[in-house]
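J.: This is what each chain is made of:
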Amino acid sequence: MRGSIKAWWKQNRLGVWLQRKLRLSRGGKLLLNLAVIMLTALCLWGMAGYPLPTLKMEFRRMERTYLLPPSEILLSTGRITAAHSHEPYDPVPKVTQEQILGLGEDYAVTFWKHPFSNGGNQLVCWSFSEQPGQVKLAPLLYAVSDTRDEDWPERESCVAVAALELPQGTARGEMTLEAEEGIYQEGSEVLEHDLCLFAFQSRLSSYSYDWVQGLPYTLRFYDGAGELLLEQRGTVPQRG
Amino acid sequence: MEKDEKEKCRRLECRENAGGSGQTELDSFQWLYIATRGIRFKPDRAAVCRELEAHLEDKRADLQRIFPDLSPEEAERRAVASMGDAWEVRKQLAKIHKPWLGYLWRASKWAAVVLVLIFAGVNIFKNDYYQFAGHPLGGYSSAVYGRTAGEKIRVGGYTFQIVGAAFVDYPEDSPYADGIQIAFRVFTPRFWEKLDLTALQEALTLTAADGQQWKMDRGEINMEVPKDGDMVQAPSFWQLVCGLERASWTLFSDTYVAYGDPEWQEGDWARLDFDFGAYSFSLTADQIEWVMME
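Chains as they are written, first to last, in our numbering: chain A, 33 to 272; chain B, 2 to 295.
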């Protein structure tokens with residue numbers, strides 16, 4: 033089969049012309065092949081949306097395309113699998129959520145990587161509206177998984193709000209949200225980079241990931257002895 | 002090659018490698034086999050073997066021409082003898098013909114074929130994933146009127162320039178609304194990280210000479226939706242009156258058009274104000290061309 037293809041190529045007009053024009057050495061042919069490989073790989077990379085190997089690189093690129101200076105990365109959720117359902121035995125879709133929280137000069141950025149397409153990546157810049165000395169809030173964009181509830185066989189997905197610039201000596205925090213249907217309250221230990229992450233389980237009436245935004249909140253922070261350090265009220269920042 | 006001939010040559014090789022005695026007289030087949038055996042890359046070995054075989058054949062033919070009384074076997078024996086020691090030739094050829102370039106060339110050939118086939122397959126079968134995420138080399142979605150070349154501002158690796166400024170005037174009986182269209186191009190050599198459209202929409206405000214402003218993170222649409230009884234049909238026409246859209250793109254640049262609907266007079270200007278937080282700048286279109294649409 034290969035022999036007949038070779039024989040056909042040698043007799044074919046195009047093949048004869050190419051053989052005359054492209055009298056390349058072994059090294060020359062190698063370079064030509066490498067050029068074809070690079071060009072084709074580049075086209076395929078572009079067609080896939082120019083994916084980058086790590087979440088951090090995607091985040092930094094998104095900052096550059098938003099003309100934002102590089103922020104300090106406070107939180108990276110990594111590749112986690114979240115399932116959301118209000119019934120324990122319903123089959124549910126599994127989704128993978130990768131998010132990053134970064135801190136700029138007077139703003140925070142939250143980045144969410146679309147699981148299937150680079151074109152769906154999102155970045156939101158939360159300018160701090162709180163007064164100096166107050167705790168700053170930055171809602172994450174999509175679900176995170178909460179492993180505290182041991183009754184569920186699967187992890188429960190939650191909507192999270194990060195609290196930054198905590199009072200000195202904070203050991204744990206508490207956040208209360210006032211929604212129409214009632215009160216939601218969550219607690220959080222102080223995590224790395226001196227932040228609290230309040231993860232609210234999915235609201236019964238809504239599957240959207242931004243239901244916490246715009247709701248009135250009360251924050252309380254306690255020291256190791258349980259003494260109240262700060263109580264703060266306000267409205268959770270809202271996108272758009 | 003015949004199997005038994007190959008077997009004979011292998012035995013010769015083993016005897017020689019084991020320090021076997023004396024010079025064995027080789028026929029042309031055996032001489033070629035041993036002389037080219039040191040070339041590890043098979044295509045090179047075959048090519049050199051063909052060349053040496055041609056040499057041997059020429060020598061044999063010459064001997065028979067010069068000494069017509071010579072028998073074919075004697076001519077072959079003398080031709081082989083004149084080619085030199087097969088083992089020595091083998092060593093020299095092995096030194097010259099390094100296999101790594103050959104293996105690399107072969108690997109690159111197959112890699113190129115596989116990648117080209119994948120590329121062709123993706124395009125032929127129009128995989129939805131790639132269609133959704135793809136960045137074509139060039140495209141066009143709407144016209145740019147009032148072509149001009151404004152000043153360039155370079156910020157964060159991106160170059161901004163106004164490339165069109167027009168007041169588009171539709172006939173009175175046309176469903177389309179009059180308005181200004183300011184086109185600007187954003188260029189970057191880093192084609193894998195073009196400026197984000199959402200960031201641009203949130204940062205941009207169009208300001209007209211009469212003081213009106215339009216933030217480009219929202220839009221106003223003019224359209225007519227025909228109804229057939231209670232059934233709503235597809236819009237008969239659709240026009241972006243205020244807002245931002247991408248008009249055309251190449252690998253390194255995107256051209257956007259910002260729309261507004263001010264009260265316009267000849268000589269009026271328009272300004273694009275960009276506020277990215279860390280970077281703020283403006284581009285002004287001093288001359289707006291009046292374009293009459295038919």
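Keep in mind the hints are simulated off the structure, nothing from the lab.
None of the values given here were measured: they were computed from a predicted structure.
Treat the hints loosely; a few may be bogus.
[Said to hold, decoys possible] Now the in silico label distances, taken between C-beta atoms and shown as ranges: (1) A:Leu74 <-> B:Gly140: 17 to 25 Å; (2) A:Leu46 <-> B:Arg191: 53 to 61 Å; (3) A:Phe148 <-> B:Val114: 42 to 50 Å; (4) B:Val226 <-> A:Asn44: 39 to 47 Å; (5) B:Ser175 <-> A:Gly47: 54 to 62 Å; (6) B:Glu52 <-> A:Val48: 53 to 61 Å; (7) B:Glu52 <-> A:Pro147: 36 to 44 Å; (8) A:Leu46 <-> B:Val115: 42 to 50 Å; (9) A:Lys61 <-> B:Glu26: 35 to 43 Å; (10) A:Glu213 <-> B:Ala210: 49 to 57 Å; (11) A:Leu262 <-> B:Phe192: 21 to 29 Å; (12) B:Lys99 <-> A:Trp49: 44 to 52 Å.
No residue lacks a Cβ here, since even glycine has one placed at the ideal position from N, Cα and C.
J.: Now, for every hint given, state plainly whether the structure supports it.
T.: So, going through the hints one by one against the coordinates:
no., hint, in the structure
1, A:Leu74 <-> B:Gly140: 17 to 25 Å, "holds, 18 Å"
2, A:Leu46 <-> B:Arg191: 53 to 61 Å, "violated, 38 Å"
3, A:Phe148 <-> B:Val114: 42 to 50 Å, "violated, 29 Å"
4, B:Val226 <-> A:Asn44: 39 to 47 Å, "violated, 58 Å"
5, B:Ser175 <-> A:Gly47: 54 to 62 Å, "holds, 59 Å"
6, B:Glu52 <-> A:Val48: 53 to 61 Å, "violated, 22 Å"
7, B:Glu52 <-> A:Pro147: 36 to 44 Å, "violated, 58 Å"
8, A:Leu46 <-> B:Val115: 42 to 50 Å, "violated, 22 Å"
9, A:Lys61 <-> B:Glu26: 35 to 43 Å, "holds, 40 Å"
10, A:Glu213 <-> B:Ala210: 49 to 57 Å, "holds, 50 Å"
11, A:Leu262 <-> B:Phe192: 21 to 29 Å, "violated, 48 Å"
12, B:Lys99 <-> A:Trp49: 44 to 52 Å, "violated, 31 Å"
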